[in-house]
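From first to last, the protein sequence lines stand for chains A and B. Residue numbering for the first sequence follows the numbering used here, beginning at 1 and increasing consecutively. Residue numbering for the second sequence follows the numbering used here, beginning at 1 and increasing consecutively.
It should be emphasised that the hints constitute simulated quantities derived from the structure, not laboratory data. Note that the structure is predicted; figures quoted are calculated from it, not measured. Ideal Cβ placement from N, Cα and C applies to all residues, glycine included. Don't take every hint at face value.
Said to hold, decoys possible - Listing some non-contacts, in silico: residues in chain A with all C-beta distances to chain B over 10 Å:
hint, residue
1, Thr7
2, Glu17
3, Asp29
4, Ser42
5, Tyr54
What the hints assert, rightly or not - With the Cβ distance kept under 7 Å, some of the chain A side facing chain B (calculated, not the full set):
hint, residue
6, Asp26
7, Arg72
8, Phe91
9, Ser100
10, Gly105
11, Val112
For reference, the chains in residue letters:
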Amino acid sequence: AQKITQTQPGMFVQEKEAVTLDCTYDTSDPSYGLFWYKQPSSGEMIFLIYQGSYDQQNATEGRYSLNFQKARKSANLVISASQLGDSAMYFCAMRFSGYSTLTFGKGTMLLVSP
Amino acid sequence: EAEVAQSPRYKITEKSQAVAFWCDPISGHATLYWYRQILGQGPELLVQFQDESVVDDSQLPKDRFSAERLKGVDSTLKIQPAELGDSAMYLCASSFGEDTQYFGPGTRLTVL
C-alpha cells in the first residue's frame, strides 16, 4: 500500500532555532516525487520544496531543505532559523509513478515562540 | 504573480441546500484538481481534470457532488443536497502537466 506518515502531531521551536519535521512513506515504485506544503491558519496550501526519487542531491529552497533518505523511505523537512511566521501546519505529500495527484500525510502543527 | 483563484472564501449553508464553488486556475495550467480537507487531516482528491475532461473522479460522491470545466479553464464544484458531513475546506489546485501543484485559498464550507 502507498502511504504517507507524519508521526509528529505538533512541534514547538524557539525563534531562530532549526527544526526537523518527519515524513516517512511506503511505496514499491522506484519513481515518485515528494513535496512539502505549508498551510497557515488562512487555509491556503503553500508549496515549499520538491524532491524527486532519482535526484542525487537533497533539495534546498532558502531556509528549507529536505533530508531525503531513500533507503529508509524518509523525507524530513528541515527549517533553519525559524521565524514567527513559520507557525503553521506542514504537510508531506507524495506523487506516485503514473499519477499526477498527491497523497498527503496528516500534517504536523509547528509553533514558533519568541 | 500568477495565482489560483477561488470563491467564495467562506460559505455557510443549511443541510439539504445546494452550494457551488468556483475555481480559476493559473493561466496555462491544463490540469485542475479539487481536494476536500476535513479538519485535522490532509487534503484528499475529489476530481481531476485535464483540460475539459475528467481524468479521475473515483473519490467523488456522485450522488450529490458534481464538477465541470466546460471550456477547459475555470471550474465549478457543486453539492446538492449538502449534508452535515460535507463541512470541510474545499481546495482547488492547478499544475502544468505533472509539475508542482499550486493551490488556491480554499472555500471553507459549514453545513448547519
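Structure-based check of all given hints:
no., hint, in the structure
1, Thr7, "14 Å, holds"
2, Glu17, "26 Å, holds"
3, Asp29, "14 Å, holds"
4, Ser42, "7 Å, violated"
5, Tyr54, "14 Å, holds"
6, Asp26, "15 Å, violated"
7, Arg72, "21 Å, violated"
8, Phe91, "5 Å, holds"
9, Ser100, "4 Å, holds"
10, Gly105, "6 Å, holds"
11, Val112, "21 Å, violated"
Hint compliance for this structure: hints 4, 6, 7, 11 are not met, and every other hint is.
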